[in-house]
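Novice: Given chain A's structure and the hints, the job is docking chain B onto it.
These protein sequence lines are chains A and B, in that order.
My numbering applies: residue 1 is where the first sequence begins, and numbers increase by one.
My numbering applies: residue 10001 is where the second sequence begins, and numbers increase by one.
For the record, the hints were derived by calculation from the structure and aren't laboratory data.
Just so you know, not all the hints are guaranteed correct.
Below, simulated DSS-like cross-link-like pairs (lysine-lysine); rule was C-alpha separation at most 27 Å, straight line [to be verified]:
(1) Lys10254(B) to Lys746(A)
(2) Lys293(A) to Lys10028(B)
(3) Lys10028(B) to Lys612(A)
(4) Lys185(A) to Lys702(A)
(5) Lys746(A) to Lys10236(B)
Here are a few chain A residues that sit away from chain B, every Cβ distance over 10 Å (derived from the structure) [as the list claims (entries may be wrong)]:
(6) Arg47
(7) Pro560
(8) Phe705
(9) Glu863
(10) Lys897
(11) Val1008
(12) Tyr1054
Even glycine gets a Cβ: it sits at the ideal position worked out from N, Cα and C.
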Amino acid sequence: MEKKWKLLCLFISAHEKTWRNMRNTVFLILITVFQTFAGSSYSQSARLSLDVKNSTVKDVLNLIEENSEFYFLYNSELIDVYRHVDLSVKNERIDEILSRIFDKNEVRITILDRHIVLTPVEKQVSQPQGKLTGKVSDKAGNPLPGVTVMVKGTKMGTITNDIGFFELSDIPANAALIFSFIGMKTTEVPVAGKTLLELVMEEEAIGIEEVVAIGYGTQKKRNITGAVSTVSTNEVNRIPVAGIDQALQGQVAGVTVTENYGSPGAGIQVRIRGIGTIGDSDPLYVIDGVPTKDFINSLNTNDIESISVLKDASAAAIYGARAANGVVLITTKKGKTGVTQVNVDVQYGIQNVSKKLDLLSASDYAAISNEALVNEGRTAVWNTSGLGKGTDWQDVIFRSAAFQKYDISVTSGNEKTKYLTGIGYYGQDGIVKFSGFNRYNIRFNLDSRISEKFTIGTNLNLSRISEDLIDTEINGVVRAAIFQPPTIQVYKADGSYAGPGANEGDAQNPLGMASRSDKTLKQNQLFGNLFAEYLILPELKFKSSFGMNVYSSQAKDFDPTFSEGNANRTINSLTQEDVDYFDILWENTISFSKTLNQKHQLEALAGNTLQKAQTDNIYGYREGFTNNEKYLQYLDAGSSNDKSRGNLKEWALASFFGRLNYGFSDKYLVAANIRMDGSSRFGKSNRWGLFPSASAGWRISKESFFQVPFIDDLKLRASWGQLGNQDIGLYAFSSTLSQTFYTLGKDQSLRVAYAPSSDYNPDVKWETTTQLDFGFDLSAFKYRLLLSADYYDKKTTDMLLILPQPMTSGFGSTGYENLGEVDNKGFEFQASWKDNIGRFRYSLNGNIATFRNKVVSLGEINEPITSGLFFDMSTRTEVGHSIREFYGYVTDGIFQKQAEIDAHARQTGAKPGDIRFKNLNTDEVIDSNDRTFIGNPYPDFTYGLNATLGYGNFDLSLFFQGQYGNEIYNATTFWLTNSAYNYNKGKEILDRWTGPGTSNSEPRLSTVDANQNARGSDRYIEDGSYLRLKSLQLGYSLPESFLKKAGISKARIYFSGYNLLTFTNYSGYDPEVGASRGSLGDRTIGFDEVTYPRNKSYILGVNLTF
Amino acid sequence: MKKYKLTTALSVILMLWAGTSCEDFLDKSPNGVLSTANFYQTQNDAVAAVNAAYALLSGFWIENIAFEKDIISDDAVKGQGSDLSALNNFDNLNFYAGDGVVSTLWGEFYKGVYRSNLVLDHVPDISMDQEIKNRTLGEAYFLRAYYYYNLAIRFGGVPLVKTTLNAEKTPSRSTIDETWSFIEDDLKKAVELLPQKSKYSAAEIGRADKGAAQSLLGIVCLFHEKWQDAFDTFKKVIDSGEYSLLPDFGNLFKPEYDNGAESVFETQAKGGESADYSNGFNFWVRPRNGSTIFGLGFNMPTQDLVNEFEAGDPRLRYTVIRQGDIISDEVKDNPFQAAWAPETGMSCGKYVVGIPVGNLAERHEQNMKNIRYAEVLLGYAEAAFRIGNKAEAVAKINMVRARARGVAKNILPDVKTSDDIFAAIVHERRVELALEGKRYFDLVRWKLAEQKLGPLGYQSARKGLYPIPQAEMDVNPNLDQNQGY
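Bound-form chain A, shown alone:
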């Protein structure tokens, strides 16, 4: 085999300090590493050059440790490391160098790749023990490499090699070995004269011993007094989605995740414990310590080690002004001590549309159109014979789309330096033609102990996303496919796209629309941090971290000219927008941790952060391109309407925070947090906010009176705290002028014009959420059962509201006012059970959460806030109700006869066959005052259930997720049942009223709809409850014996299904309805207006470890 090699030279010259310290010692160290693809290890390939005079052995070893990847394990009491040596070597292997330092009759040198164990050669050992060899594996029988094996009470030890084996010599027969490995229970095994030892290490009980990421640190789960939920990597990686936020769905009680629509990479709504405010309800994400509210899509789910969701005030208050909507802490995978591991994960799959709507055939469409005309006294226009089924536009736009995901990662490390690096590709074609999402990631995480007290590290993510977009929102491709009459062909005879003719409406050819919508979005991001930790005292640690988020994007949208029957565009145009975002964070913390008298555990943290960000954006627009050819789709080629825009937006946040944890005998736990935030988003008068919290826990199971044998641990928790929300845009405190133009002069030139764009409030301040939480954590039946429950009451006061005001002021709404109050209350339960029966392993993990959202106040006059969704469909926020409940008319069947109309309150335009709307007030007329609350978009409860089963090498996991009791405003039905438009319709219109007694739900057909049957009413409200088999995965791990030959240590192949089954009564594409118009955020939640449907996918994957 051809050897490829790389030369790594490290040349370190002495500097002043060293000079003095080493007493005229001059040294030179040069390490050369010959790396080969296979075979030789580091110890064989590394070459060192060293020149020291009169140094202690200890200094020499330290020198080698600091400048190479080697590290030494020895007991300085047994090995004389204080004697002085002179040494001058060039390009020698480590074993050669060590043999120059140590006499092999005195010191035994065991080289395990980078780890070198120095043990004394005992001259006269009582009951000398020969060689001890052993093997360490996990419960499933997989060998565990990198396990540290130490002889108890000494510094003697070794680590296991890549197949789990270790070897120790000269162990006293009465010694005991201590095995430790991350994620496994540290185990002590007496040697008891054995020469062969096999150990199966157990995973650390998930639960109380688990270490959980909390704000600015970690804490043992058993000591946590706030409401923190965690999600493990396995659960997240099973879902084939681009974003980590999406993968959270159903995993954590109290976290509601909704996709806005099904296009790859589409926006997501994550809500923690309800909707706290009418404004921004997005949680804060903290990725490896760097807070951000955006760009979550650029993180590779494969890089994630764990996720902590900080739900209550005590857990989240350390993030102060940005924590009111909860905090999601994301920790990425780190390097591990042990042999180098290479992980390869490959997924390939096919996605299809999960459901199609049942629409009219061409002949039905023509007949229905005719009837609507005739009903209004006009003449029929369609000859229905011979039309047949016509074009199925849904079939035309949907496709089987490919899904691909490739990840390779390498982890390695010794006790000093550990790293993980990896590369990932995520490619998802859209199920609607001409749409797709691609992402490339490079990850590099490193931490290195420079000296015993000093550690530095970095976590970096480099990503590139490129997307082919089609219009997904209102006026999008999917809606066009619903609209387009089946009487129209896809193509004209000449091969161009056909469009609607007379009586066929004016919708674009959906396929034409998708194909020519030349819309791309490219995003580059570098996200990460560099940190340094210094142990001032063993108990006192200082940490400083610089975080950076560098993001740039380019969006391009070319709208070509086209002419398809009644649908056409005569002017082509190109819009291009470049964004440059730069966010920098500097954070300093000092933490103290000490246990006094083995009873008083004290932890304290203080810190400050400074963060500032700027968004630079530039926008260009031109029209009048000579043609639509690709090579002309650049701004230079546009001939008219040259427009450009650009601005710079900035924000800054300065913060100070502190935390104190005190535990007495692991039994009584208290914690307090405080954070002070100063934000540039507020004027000088109200710039600083203070956010305190406190919590307490009582591990009642530790009390002597607590005698429940099957309960291992029971902790009661309570917390209180205040959190802030600052998301009101950047400059709400200042009055800005918007630029517009007015034409003047003989030459018709545009003259600039300035006027205030909106009302403003210079004294706007924080929105405050005060949260109370009671809960308990229980472990029982030998930690097989874990149960957590919480009750919370979350009250948002000084809510930032934009209120309607008299338009006589020049503006229909006020600036942000701190008025209003919203209350969210709920219960959360999370339970898991894990056990095995022989070779059969299983676990169940379920969660359920309720929440009730109630508006308590909306300012002085409590004027309800009505916001329009679509035509007259609207939501209303009113005291005593949830935020944005659906608001509209109530239907009461259909007028069968004129007499019924005469007997009813005056309803303009009503004829027999039209819908009867309920008269809800005392006047005898049906008007907008007869509207009321007709539906609530929020579920009574949401739930998730994970089940994993394993037998031998097989594993199976099922993940169900659902919600109950919410309503959906189905605007799709508005189109599907509306005969006033020449668009296609749904099958349900065939049940229309055609004479007394024929229908009491579907009104008569009409091209005019004088009765406004289509007005926003409970006709369109549907139950949105569903239960979904979100994912299913069946895996098989190949037997070890088989793999060894191929040099593979682990291999698993698996099949995944995603969105396989959905149980619901909802008639639209999907009961999971997010914000259908991303730009309006929560305003359109639960409102379904024909957007991109979700896919159902089947994926085959292979996971290999080398």
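Specialist: Just chain B now, kept in the frame of chain A:
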């Protein structure tokens, strides 16, 4: 060793950070955008501020679908089936307070008042060229009056917001008399401050001028039934010699006659620009037939309007497009078909007949004719008739008829003093100003609305007024609703 260096480096950074104030770090103001704090200080600011008060005129609600005012009359129906259903209630004269269009119009006019008030509040304090200052203030008075006039004809007496400084948030309504008087006062100030049309340079043409202020004042006096004032004011416009009728009626709406001899006040448009700056009216009223005739086909004229025209009146050809008519040379191979307009079989001709659109269908360069000299003449005639000066009335009506007649003979005979002059005025205004948004408000002020519009759904209890928007009533407890709502 190394750690000392790092410690030193960190301490240096810490000292630097301690030296910067937190408050400076947190002071962030918008970049690339002006704020009220640094505006209204120079002459350019003053001009840009008054330009903003004009800008609302070319918006969607006031310009593109200005036919809102025609479809409530007997001249036109909305057209195009259920499209733009927001205007159904206008077509059926079936207003209700919750109507979004009514509310939007109210808001747009008040936004215009607000922007005019900003000028009147701030510009007097700016040191600038006195002539331009006078002009700017005059424009603001004119525009405020124009927006209030638009409010008054629709809603009757309205809250009179006169300043932006500590303005009352929930003002109550003034009476219609107070409203008209306030508008008249503004216009009188505008007349004082504004230059004559001919004094404007080519670069500034299109701004409100003295004649526009006088003409609007005359029109307001007609509504206020101050006949002598109306007569006197219109007379000044006529005597100024600034205006004349275009010889050919057919040229009136052609872009090349924008700001022409007959133009008194127009909303200015720049062709090809986005809808906010160009004129979309043409597009909305042009016949709709898919890709060959680019239009949306709203504002369809009624047979009743057609019947009003005297035999042979050439104006009919430019007002109504009927079966077989050539819309313009540009599309001469596609004569109009009645089937394109299912509601009445006819299409709006004003702004359309003989006008090429090219690629600019939705973004035309035509100015909107808000007030033209023919209306001044007819207003003068009406005022003259009301004060008993029949001769003047007849003379001016005949001027309009003569222009319409052009070179043709044997059509549109002169009106004689012995004729029913009021009837002649009613007739002439209808045919001359058809589809220009005047008819409904004329009928209401002449108290002919019930007679003419009753069969179309006019409810006399409402006295021809739109409802005060419910949304506005909800947030302003001091407002009373109009009768009949």
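Novice: When the hints from earlier in the document are held up against this structure, which numbers fail?
Specialist: 9 and 11
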